[in-house]
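**Student:** Required output: the full structure, derived from the provided sequences and hints.
Here are the chains, one letter per residue:
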Amino acid sequence: MEFKSNETIASQIVTYVKKEIFGGRYAPGQKVLPIREFAAFCSVNPNTVAKVYAQLEEESLIYTDSTLGKFVNPDAKQIEQKRQQYLSAQMSAFRAELRKCGVREEEFIALAKQSMDE
Amino acid sequence: MEQTTQQITQERAQQTAQTKLFGTLNVWKNYGSKQVLKGVNFSLPLGGIVGIFGLNGSGKTTLLKILSGLDGRYRGSVMKKDFDDVAYMSVEGGYPMDMRVKDIIRFFGKFCPQQNTEKILSSLSDAGIKEKNTLLALSSGMKQYLKFLLTVYSGASVCLFDEPFSNLDVNMREKIAKTLILESNGNRLFLITTHELKEVETLIDGFLILKDGRLSAYYVGEEVRETTGKSIAQFYKEKVNG
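Protein sequence lines, in the order shown, are assigned to chains A and B.
Under the numbering used here, think of the first position of the first sequence as 17, with each following residue one higher.
Under the numbering used here, think of the first position of the second sequence as 13, with each following residue one higher.
Please note that the accuracy of each hint is not assured.
[What the hints assert, rightly or not] Examples of chain B residues toward chain A, derived with CB under 7 Å:
| no. | residue |
| --- | --- |
| 1 | 193 |
| 2 | 194 |
| 3 | 215 |
| 4 | 217 |
| 5 | 237 |
| 6 | 241 |
[Claimed, not checked] Stretch by stretch, here's where chain B covers chain A in the computed footprint (C-beta under 8 Å, at least three residues):
| no. | segment |
| --- | --- |
| 7 | 20–29 |
| 8 | 52–59 |
Everything labelled a hint here was simulated from the structure, so no lab data went into it.
Every residue gets a Cβ at the ideal spot worked out from N, C-alpha and C, and that includes glycine.
**Tutor:** Structure representation (structure tokens):
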């Protein structure tokens, strides 16, 4: 995994896992790797992954079963809600960037369509 | 962000109710008229992965030899609170070349009652190293990997790794990184010296910089990244040249 230098490793992994969950590659209810194994998978410090899991748990994207380990939230509806929230936040940020270049609604939609056709 | 080692020690000790400490008190060392270490002080609770960074010739190897107990000619003291076992992976060789891999493992096992012999053997066979081989038959990278395995699977409370990644190919470096991650825990302290920071940047909890014969305060890796917006490599470069 490649990391940017100007952001904490933890927040970059949080984003990575979110995309895996929202993209359906980590399905609702699916078991996630134990801290140490996920740390080895990403080649990062185990305490970093502990922080990542804590944050994802706080956002109700994963949960801990005291005997079985950690799992993706099994409630697909709730995951979809979180996904929508995430996407609209991404979209606002993106639109704000384009607005700086003078892009207004019509042009924005035209650009989106054009980009889809490419 | 810049906290004294003592503050960190206290915080981390409180968090984990950990009392085992490793460090030095005012360690001085000279080679003839050349003063290499000029009052090195640090104190770390056991647990996690910590880097000791410094330029070539800054005294990293000298410090590790003192910490390992191999070099007893220095002033000051090494502090080991509530534990006694330290393992050391040196840069230099040192085993007879006609010794077999399995004999070296057994030899180390005599000194390390907690040695995880099975893990050493399975890691070696994964890397294509046969236990009946003599050292003569191993490449320099394979010898280095063997030394790494003997250290990390020694079971020692403190493991000192001197440049474990240098001169290794990408696969070996990855194996070493993953093993460090899987074997590190709250009761064992891994100290790693290196001048190639990129390799350890994401692995470490924090780091100390050895410069002009002294150690810096303890820096927490993620805090450096968050507060300075710089990679640890960039941050270190500025510190060491500043």
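**Student:** If you check each hint against the structure, which ones fail?
**Tutor:** Checked against the structure, no hint fails, so every one of them is satisfied.
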